[in-house]
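Novice: Generate coordinates for the entire structure from the input sequences, incorporating the hints supplied.
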Amino acid sequence: MAGVSALRQAVGPEGFRRLATRFTENTTRRFGEWADLIAAGDAAGLVTTAHAFAGVLGQFGLAGTAALARQVEHEPDSAERLRLARQVLVEGPREFAAFRDWLEASADA
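Anchor point for the sequence shown: position 80 equals 80 in my numbering, and the numbering is continuous, going up by one each time.
Hints listed in this document are in silico derivations from the structure and should not be mistaken for laboratory results.
Where a beta carbon is used, it is the ideal one built from N, C-alpha and C, also for glycine.
Hints are supplied without guarantee of correctness; some may be wrong.
Unchecked claim - Pair ranges (Cβ atoms, derived):
{"id": "1", "residue 1": "12", "residue 2": "39", "range": "34 to 44 Å"}
{"id": "2", "residue 1": "105", "residue 2": "58", "range": "32 to 42 Å"}
{"id": "3", "residue 1": "94", "residue 2": "59", "range": "12 to 22 Å"}
{"id": "4", "residue 1": "79", "residue 2": "32", "range": "19 to 29 Å"}
{"id": "5", "residue 1": "40", "residue 2": "94", "range": "22 to 32 Å"}
Specialist: Quick look at the structure:
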């Protein structure tokens with residue numbers, strides 16, 4: 001979480017708390033939207049969503065999930081894109097939970 005720590009220093013504790021709260025709320029919503037796209041079989045819709053999702057995930061240190069989302073964005077085969085998107089729903093919540101744990105621990109420090 002070194003990059004996230006640098007962001008925290010750059011914007012200050014209060015600014016970071018606001019950004020992190022917004023990130024947490026938006027990421028929870030985005031995982032739901034992602035699941036809806038998969039359920040609908042909307043491989044094309046995943047491309048646009050993946051680009052934005054990968055960017056914000058990367059900014060907050062969820063590098064593994066961001067990398068998977070980038071793979072979804074650039075995968076030309078629709079079936080493979082949907083398979084990779086399902087992986088995002090497996091790996092992403094774990095990495096997101098670790099971020100939330102880190103955030104909670106750093107707030108206590």
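Novice: Hint compliance check: list the failing hint numbers for this structure, sorted ascending.
Specialist: 2
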